[in-house]
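Q: Each chain, letter by letter, is given below.
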Amino acid sequence: MEKLQKNLSPIPVKTWNWLGVNSAVLEADIPAITDYSKQPITKGSEKGVTITDIRLNRDTIKFMEKKMDVGASEAMRDFVKKNQNSGYFIEIEEGEKIGTPIILQYDLDEENPTLVDDHFILAHEKSEVNIIINYTSSCTKNGFHSGVTKVFAKRGAVVHLIKVQMLADQDTHVDTISAITDEKGQVDFTLIELGALQTITGCRTQLVGKNSTGTIHSLYFGDQNRKIDINYVQTHQARESLSSIEARGVLLDHSQKVFKGTLDFIKGSSGSKGKEEEYTVLLSPTVRNRSTPLMLCGEDAVEGQHAVSTGKMDENKLFYLMSRGLSEVEAKKLIIEAEFQPILEKVPVIELRDTISMYLRRRLNHV
Amino acid sequence: MAEKLLAIHGLHAAVEGKEILKGLNLEINKGEVHVIMGPNGSGKSTLVNLIMGHPKYEITAGSIAFEGEDITALKTYERARKGIFLSFQNPEEIPGITVENLLRTAKNAITGETIKIMAFKKELKQAMESLKIDNTYAARHVNVGFSGGEKKRNEILQMMMLNPQLAMLDETDSGLDIDAVRIVSSGVKHFKNEQNAILIITHNTKILEQLDVDYVHILMNGKILQTGDASLISQINENGFLHLGGDALDSGEVNTLHG
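The listed protein sequences derive, respectively, from chains D and Z. The numbers in full-length UniProt numbering rise by one with no breaks, and the one at position 44 of the first sequence is 44. The numbers in full-length UniProt numbering rise by one with no breaks, and the one at position 35 of the second sequence is 35.
Misleading hints may appear alongside valid ones.
Stated by the list, open to error - Reference excerpt, derived from the structure (chain D facing chain Z, CB under 8 Å, subset only):
no.: 1; residue: Glu315
no.: 2; residue: Asn316
no.: 3; residue: Lys317
no.: 4; residue: Tyr320
no.: 5; residue: Leu326
no.: 6; residue: Ser327
no.: 7; residue: Glu330
no.: 8; residue: Leu334
no.: 9; residue: Glu339
Hints in this document: simulated from the structure, not taken from any laboratory. Cβ coordinates follow ideal geometry from the N, Cα and C atoms, glycine included.
Input sequences plus hints: build the corresponding full structure.
A: Below, the structure written as structure tokens:
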């Protein structure tokens with residue numbers, strides 16, 4: 001058993017401690033990390049893609065890693081380096097547009113209760129790829145996942161990374177993404193956080209190349225005693241770069257959520273535009289919902305927008321649906337599903353989208 | 001003898017502490033078409049929202065019975081499942097839910113059965129054609145980006161598909177051009193039979209042209225001031241509500257008739 005008492009989700013600029021958003025620490029002990037023996041890659045490799053064990057590529061990626069931010073937390077990066085039990089180097093050849101999404105399926109179970117994964121995605125010039133990493137669990141007690149995924153989109157490359165987390169109710173999930181873009185490169189993240197007892201998740205994109213783009217579409221669902229900490233940062237380091245963060249979520253029961261969304265315009269990022277938006281539906285008076293949208297401007301000629309809103313279920317919408325024969329629970333379920341729909345539609349595999357919808361419907365049964 | 005569908009007696013109701021209905025009586029039998037007219041603010045929308053069970057409205061006295069059963073304690077969805085339908089004056093936009101999905105979910109809920117998908121699709125296609133709604137609307141999100149007229153036609157589509165016993169149309173014709181009113185009116189006529197009843201709130205007589213109206217009620221200042229046959233409509237159109245007098249005049253709540 002190991003304790004990791006460090007701050008795993010530092011906010012880029014600290015605020016008052018009493019707000020409780022400056023940090024996030026793991027509540028559970030980290031179990032002994034054992035082997036993860038299952039094969040996560042469900043599909044054979046396609047032309048234009050090579051997928052190899054990350055440990056064989058450490059030298060190749062070392063120089064690229066140096067350019068990159070550590071992601072949400074240095075402590076996490078060091079932990080993953082030391083304890084990694086799975087991980088891939090995924091390389092997309094120049095100009096290749098990969099039609100079929102690459103899918104990594106990780107499923108924790110009694111034999112494989114711990115996963116520490118470390119991935120590096122390198123998209124060469126003008127390549128395009130969709131990569132899905134799905135985390136599920138059938139652990140009956142204390143499954144543990146932590147991982148780091150790094151993405152490098154070279155000139156004109158487009159990477160869409162979809163991460164779906166449907167771990168079991170007692171599991172722990174700590175996930176960090178860091179990305180970097182060259183000129184006209186684009187990284188799109190669809191991040192769906194639904195399970196686990198404690199979730200600490202971060203995504204940090206450095207828009208290093210001129211005219212590069214970074215987007216994050218995120219969805220979260222807190223119920224029972226779940227704790228969710230989300231920390232997204234879009235750093236504009238080059239001229240005319242674009243970024244957006246869109247997060248939607250639902251909280252009920254005694255769940256707690258902290259959302260930190262930062263648009264950071266570094267000096268020299270003139271002509272850049274960024275926007276962030278978070279919308280949370282609160283379904284119980286006992287939830288704790290905290291949001292910190294941050295905008296840091298080291299450059300004058302930039303445009304930034306941010307909006308955070310929370311709401312109860314719209315009474316008139318509920319009445320409308322109930323007047324069509326839907327019970328209150330059914331109407332609420334439908335509204336929540338509808339709320340999530342635009343983000344679910346970004347999952348490019350229909351079967352997975354259906355699985356997520358069914359999982360959500362089961363969870364929503366006690367709304 | 002005609003079978004009684006709806007019976008409202010001595011209904012008093014308030015919104016946020018303000019009394020809107022002040023002792024309203026209304027009975028509707030199967031096979032009948034009732035029209036309610038009245039100046040703005042007289043309580044017309046309050047009445048239909050109360051019958052549907054909107055939580056914002058509070059009944060302070062009186063009763064609402066449907067098919068002999070007091071429904072005042074029933075939830076909105078329970079009333080819908082008994083066969084009461086409201087075509088909304090301002091239909092809600094529900095992003096993320098398609099017209100078809102809502103209708104199928106609603107039909108399952110109201111009939112209590114899982115409906116057969118192919119038969120449902122066929123029925124939906126026919127109903128949409130009769131209302132001249134483009135069939136691509138089935139896959140669009142409910143009322144999102146719909147024009148005012150399209151929203152109202154979508155309400156009538158829902159009425160036709162859910163086939164209620166009592167359909168209440170709250171200014172379904174407002175915001176519609178003359179052709180759209182005709183299409184909606186024809187849809188309502190097609191829906192109407194001896195086993196159901198319709199309650200129409202309107203400022204406009206065009207929607208009534210294809211229907212045989214049995215009763216016209218004038219609602220003013222929270223009460224039914226006068227009930228008559230269809231000829232009352234033309235009287236109102238000519239003279240407005242002002243000549244009817246009553247408490248409404250004293251309270252200064254009377255406006256002239258729109259449209």
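Q: Evaluate each hint against the coordinates.
A: Results for each hint:
Here the hint on D:Glu315 is kept, as its CB sits about 7 Å from the closest CB of chain Z, short of 8 Å. For the restraint placing D:Asn316 at the interface with chain Z, the shortest Cβ-Cβ distance is roughly 6 Å, inside the 8 Å limit, so the hint holds. Given the 8 Å rule on beta carbons, the hint for D:Lys317 holds: about 5 Å separates it from the nearest Cβ of chain Z. For D:Tyr320, the suggested interface contact is upheld, since its CB lies about 4 Å from the closest CB of chain Z, less than 8 Å.
With a cut of 8 Å, the hint placing D:Leu326 at the interface with chain Z holds, because the nearest CB-to-CB distance is about 5 Å. Restraint check, D:Ser327 versus chain Z: the minimum CB separation of about 5 Å is within 8 Å; hint holds. Restraint check, D:Glu330 versus chain Z: the minimum CB separation of about 7 Å is within 8 Å; hint holds. The restraint placing D:Leu334 at the interface with chain Z holds, with a minimum CB-CB distance near 6 Å, inside the 8 Å limit.
Taking 8 Å as the C-beta cut-off, the interface hint given for D:Glu339 holds, the closest approach to chain Z being about 6 Å.
Violation of the numbered hints given earlier is absent; every hint is satisfied by the structure.
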